[in-house]
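J.: Here's the letter readout for the chains.
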Amino acid sequence: MPRLEITLGRIALGAIVALALAFLFLPLVAVFVAVPPARALADLTSPIAVAALGLSLRTTFESVAVTILFGTPLAYWLSRSRFRGKRLLEAAVQMPIVVPPAVAGVGLLLVFGRRGMLGPALESIHLGVAFTTAAVVIAQAFVAGPFFIVAARQAFDAIDPDLVAVSRTLGASPLRTFVAIELPLAAGGLLAGAALSWARALGEFGATMLFAGNLPGVTQTLPLAIYTALDSGLDVAVAMAALLLFAAFALLLLIRLLDWRMGREAAPHRREETLDIARLPISQASS
Amino acid sequence: MLDCRFRKRLPEFELDVGFAIGGQTLALVGRSGAGKSTLLNIIAGLTRPDSGSVSLAGEALVHVGARIDEPPERRKIGYLFQHYALFPHLNVRDNIGYGLFRVDATARADRIDRAISFLGLGRVAQARPAELSGGERQRVALARALVTEPKALLLDEPLAALDVESRARIRLELRDVLARLAIPAIVVTHDYDDARLLGDRIAAMHRGRIVQTGTADEMARFPADDFVAALTGTNIATVPATDSDRGQTIAFDPWAATLSSVPTAARYEWRVEIVDIRPLGAQVRVVARGGTTVRVDVNAQDAKRAGYAVGDIVFASVQEHAVRTK
Chain A
1 MPRLEITLGR
11 IALGAIVALA
21 LAFLFLPLVA
31 VFVAVPPARA
41 LADLTSPIAV
51 AALGLSLRTT
61 FESVAVTILF
71 GTPLAYWLSR
81 SRFRGKRLLE
91 AAVQMPIVVP
101 PAVAGVGLLL
111 VFGRRGMLGP
121 ALESIHLGVA
131 FTTAAVVIAQ
141 AFVAGPFFIV
151 AARQAFDAID
161 PDLVAVSRTL
171 GASPLRTFVA
181 IELPLAAGGL
191 LAGAALSWAR
201 ALGEFGATML
211 FAGNLPGVTQ
221 TLPLAIYTAL
231 DSGLDVAVAM
241 AALLLFAAFA
251 LLLLIRLLDW
261 RMGREAAPHR
271 REETLDIARL
281 PISQASS
Chain B
1 MLDCRFRKRL
11 PEFELDVGFA
21 IGGQTLALVG
31 RSGAGKSTLL
41 NIIAGLTRPD
51 SGSVSLAGEA
61 LVHVGARIDE
71 PPERRKIGYL
81 FQHYALFPHL
91 NVRDNIGYGL
101 FRVDATARAD
111 RIDRAISFLG
121 LGRVAQARPA
131 ELSGGERQRV
141 ALARALVTEP
151 KALLLDEPLA
161 ALDVESRARI
171 RLELRDVLAR
181 LAIPAIVVTH
191 DYDDARLLGD
201 RIAAMHRGRI
211 VQTGTADEMA
221 RFPADDFVAA
231 LTGTNIATVP
241 ATDSDRGQTI
251 AFDPWAATLS
261 SVPTAARYEW
271 RVEIVDIRPL
281 GAQVRVVARG
291 GTTVRVDVNA
301 QDAKRAGYAV
311 GDIVFASVQE
321 HAVRTK
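In the order they appear, the protein sequences are chains A and B. Just so we're aligned: the first sequence equals residues 1 to 287 in our numbering. Just so we're aligned: the second sequence equals residues 1 to 326 in our numbering.
If you're looking for bench data, these hints aren't it; they were derived computationally from the structure. Be aware that one or more of the hints could be misleading.
Using 25 angstroms as the maximum straight-line C-alpha spacing, the simulated SDA-like pairs for lysine to any residue come out as follows [as the list claims (entries may be wrong)]:
hint, chain 1, residue 1, chain 2, residue 2
1, B, Lys-8, A, Phe-83
2, B, Lys-76, B, Arg-175
3, B, Lys-76, A, Leu-175
4, B, Lys-151, A, Arg-176
5, B, Lys-76, A, Leu-163
6, B, Lys-76, A, Ser-173
7, B, Lys-76, A, Lys-86
8, B, Lys-8, A, Phe-246
9, B, Lys-151, A, Pro-161
10, A, Lys-86, B, Ala-220
11, B, Lys-8, A, Arg-80
12, B, Lys-76, A, Glu-62
13, B, Lys-151, B, Gly-18
14, B, Lys-151, B, Arg-5
15, B, Lys-76, A, Glu-182
16, B, Lys-151, A, Leu-175
17, B, Lys-8, A, Arg-84
18, B, Lys-76, A, Asp-259
19, B, Lys-151, B, Arg-196
20, B, Lys-151, A, Gly-171
21, B, Lys-8, A, Ser-81
22, B, Lys-151, A, Ser-81
23, B, Lys-304, A, Phe-83
24, B, Lys-151, A, Leu-4
25, B, Lys-151, A, Ser-173
26, B, Lys-151, A, Arg-84
27, B, Lys-76, A, Pro-174
28, B, Lys-151, A, Leu-163
29, B, Lys-8, A, Leu-175
30, B, Lys-76, A, Ala-165
31, B, Lys-76, A, Thr-177
32, B, Lys-76, A, Arg-84
33, B, Lys-326, B, Gly-281
34, A, Lys-86, B, Arg-5
35, A, Lys-86, B, Lys-326
36, B, Lys-76, A, Phe-83
Residues from chain A that face chain B, not an exhaustive set, calculated with beta carbons under 8 angstroms [to be verified]:
hint, residue
37, Pro-2
38, Leu-8
39, Ala-165
40, Pro-184
For glycine and all other residues, C-beta sits at the position ideal for the given N, C-alpha and C.
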């Protein structure tokens, strides 16, 4: 009798696992098999797809660059400083990860829009951003930046404080110590964070739609182009979707590889403190 | 000359020290949590004292009253960390040369080469720290600190991270290096044997204070208190005043004392309870308490015959000629 129960239990578990996996993978597989590769390639050379791909590459490159430039010092400061209310600030920094993209879009409009808090001032010095390519970059940096900041902060946290201390006693200033010791040791985590942030920026849809609009060649990135192409026919949309999926997969592989390498290089007694990608909020990586 | 006089409030007690050392090694010994590492961090400039000063060769490194506080990179003090803190992304050569960024390439290579041969690291010069043994790591860390020609050297538990087999050999190597350096050096350790071997002088530290300094012989001859007595393995005991005699404090060696199950007529005798029996070659060291702590070495055979066990009440005594007074 117990044996039968165990068997039935196994069958039930197996069925649930299979169903769950099918649910997770089928839509992704469908994107790849819906259109034959040759036709998909042809569809990607349509003017609208080429323009969207170019714009996506350009804007995500810029938004990730801005994120690294501003996010690295911020992450370093979060890792090294101690003050009251730090936890609250950290939670606030991570807010864009959980905020619905539509809310992010409205918020950005309220600040940078033509009638927003900073809009008129920016317009008066000809830096108005609403419905320009710059707005796309701002939207991407806002929603994707925290992914980098969280990863970078973890990477700086994982550095043995003795290494920093010994560098100072060897005559190195704090700046030299940062460049020669802390930055190289955090590099793997920073790169993984940048890849994660790039994946999120590449998939950005909601905030871009609300804040930057959907103008072909100006603000129409790949996800927006997919949405638009669905009206005229499924094939071009599917081809672009397959391309995005491929990019996302490549980035995931890169992140895993970096994670594995960092785990191997970390000093044995600090191993448990290396960047744990599994703990990063990847869940909202597409909108 | 390294001159240290400062105070620093710690969670459980105040670190309060004052000492000076010339071109010799001071072994700072005490239990973990006695404030030893904080003391090193204050000298190196990694922690700030609440008051007082540290000066090296007549120049103030930190002086709270005079608002002087040199950052660690300008103090010229080598610091060897307990886990050696080698840079994992640099090979042995680059680790050693790390502090020489102001020196031009040829002189730099030359100084690294000399440090590598001084500490016998030629075989592993291109290896990464993860590939080194504990002893090699320690020598790389030492070479890295020494190439910058520091004016003083701090070593935090330099032997604690080593396995038992290599420990004794590396301890002698380290003693040799320290003797050749002839700069003020402080070795922090919780192991009295390490302190005895590495230090020209020993300072015993307890709850933030240096309770006694001296050579190993001086410390063993007359320990300042029961804490130092426990470290050095000597006995210090207070003899209460009697009609014919004023009370006094005496010191004696464990091998000069005897144990008995019944009271004897000895002048110096204590009724004590056995708390530990430790094998020591052909002898056992019996540690017993009763007002004072006494350590008595007993022939292992005799101890077995007498059937001494932890918890027994016994009588420890020492002959008058074996007793040292101040």
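J.: Next, verify each hint and record whether it holds.
T.: Results for each hint:
1. Lys-8/B with Phe-83/A: holds, 22 angstroms
2. Lys-76/B with Arg-175/B: OK: Lys-76/B and Arg-175/B at ~21 angstroms, within 25 angstroms.
3. Lys-76/B with Leu-175/A: The given pair, whose Cα atoms are some 18 angstroms apart, holds under the 25 angstroms limit.
4. Lys-151/B with Arg-176/A: holds, 22 angstroms
5. Lys-76/B with Leu-163/A: holds, 17 angstroms
6. Lys-76/B with Ser-173/A: holds, 13 angstroms
7. Lys-76/B with Lys-86/A: With Cα atoms ~35 angstroms apart, Lys-76/B and Lys-86/A exceed 25 angstroms; violated.
8. Lys-8/B with Phe-246/A: violated, 59 angstroms
9. Lys-151/B with Pro-161/A: holds, 24 angstroms
10. Lys-86/A with Ala-220/B: Violated - the C-alpha atoms of Ala-220/B and Lys-86/A are around 52 angstroms apart, more than 25 angstroms.
11. Lys-8/B with Arg-80/A: holds, 23 angstroms
12. Lys-76/B with Glu-62/A: violated, 44 angstroms
13. Lys-151/B with Gly-18/B: holds, 19 angstroms
14. Lys-151/B with Arg-5/B: holds, 18 angstroms
15. Lys-76/B with Glu-182/A: holds, 22 angstroms
16. Lys-151/B with Leu-175/A: Distance ~24 angstroms between Lys-151/B and Leu-175/A Cα, so the pair holds.
17. Lys-8/B with Arg-84/A: holds, 23 angstroms
18. Lys-76/B with Asp-259/A: violated, 38 angstroms
19. Lys-151/B with Arg-196/B: holds, 23 angstroms
20. Lys-151/B with Gly-171/A: Answer holds: Lys-151/B to Gly-171/A is near 13 angstroms, not above 25 angstroms.
21. Lys-8/B with Ser-81/A: holds, 22 angstroms
22. Lys-151/B with Ser-81/A: violated, 31 angstroms
23. Lys-304/B with Phe-83/A: Violated, at roughly 61 angstroms.
24. Lys-151/B with Leu-4/A: It is violated: about 78 angstroms lies between the C-alpha atoms, which goes past 25 angstroms.
25. Lys-151/B with Ser-173/A: Holds - the C-alpha atoms of Ser-173/A and Lys-151/B are around 19 angstroms apart, at most 25 angstroms.
26. Lys-151/B with Arg-84/A: violated, 39 angstroms
27. Lys-76/B with Pro-174/A: holds, 16 angstroms
28. Lys-151/B with Leu-163/A: Since the Cα atoms of Lys-151/B and Leu-163/A sit roughly 21 angstroms apart, the hinted pair holds (cutoff 25 angstroms).
29. Lys-8/B with Leu-175/A: violated, 28 angstroms
30. Lys-76/B with Ala-165/A: holds, 13 angstroms
31. Lys-76/B with Thr-177/A: Holds - the C-alpha atoms of Thr-177/A and Lys-76/B are around 16 angstroms apart, at most 25 angstroms.
32. Lys-76/B with Arg-84/A: Not satisfied, since the Cα-Cα distance of roughly 35 angstroms exceeds 25 angstroms.
33. Lys-326/B with Gly-281/B: violated, 31 angstroms
34. Lys-86/A with Arg-5/B: violated, 36 angstroms
35. Lys-86/A with Lys-326/B: violated, 57 angstroms
36. Lys-76/B with Phe-83/A: With Cα atoms ~31 angstroms apart, Lys-76/B and Phe-83/A exceed 25 angstroms; violated.
37. Pro-2: The hint is violated - Pro-2/A has no Cβ within 8 angstroms of chain B, the shortest such distance being about 50 angstroms.
38. Leu-8: Because about 50 angstroms separates Leu-8/A from the closest Cβ in chain B, which is outside the 8 angstroms limit, the hint is violated.
39. Ala-165: holds, 5 angstroms
40. Pro-184: Hint holds; Pro-184/A Cβ to chain B Cβ min 5 angstroms, cut 8 angstroms.
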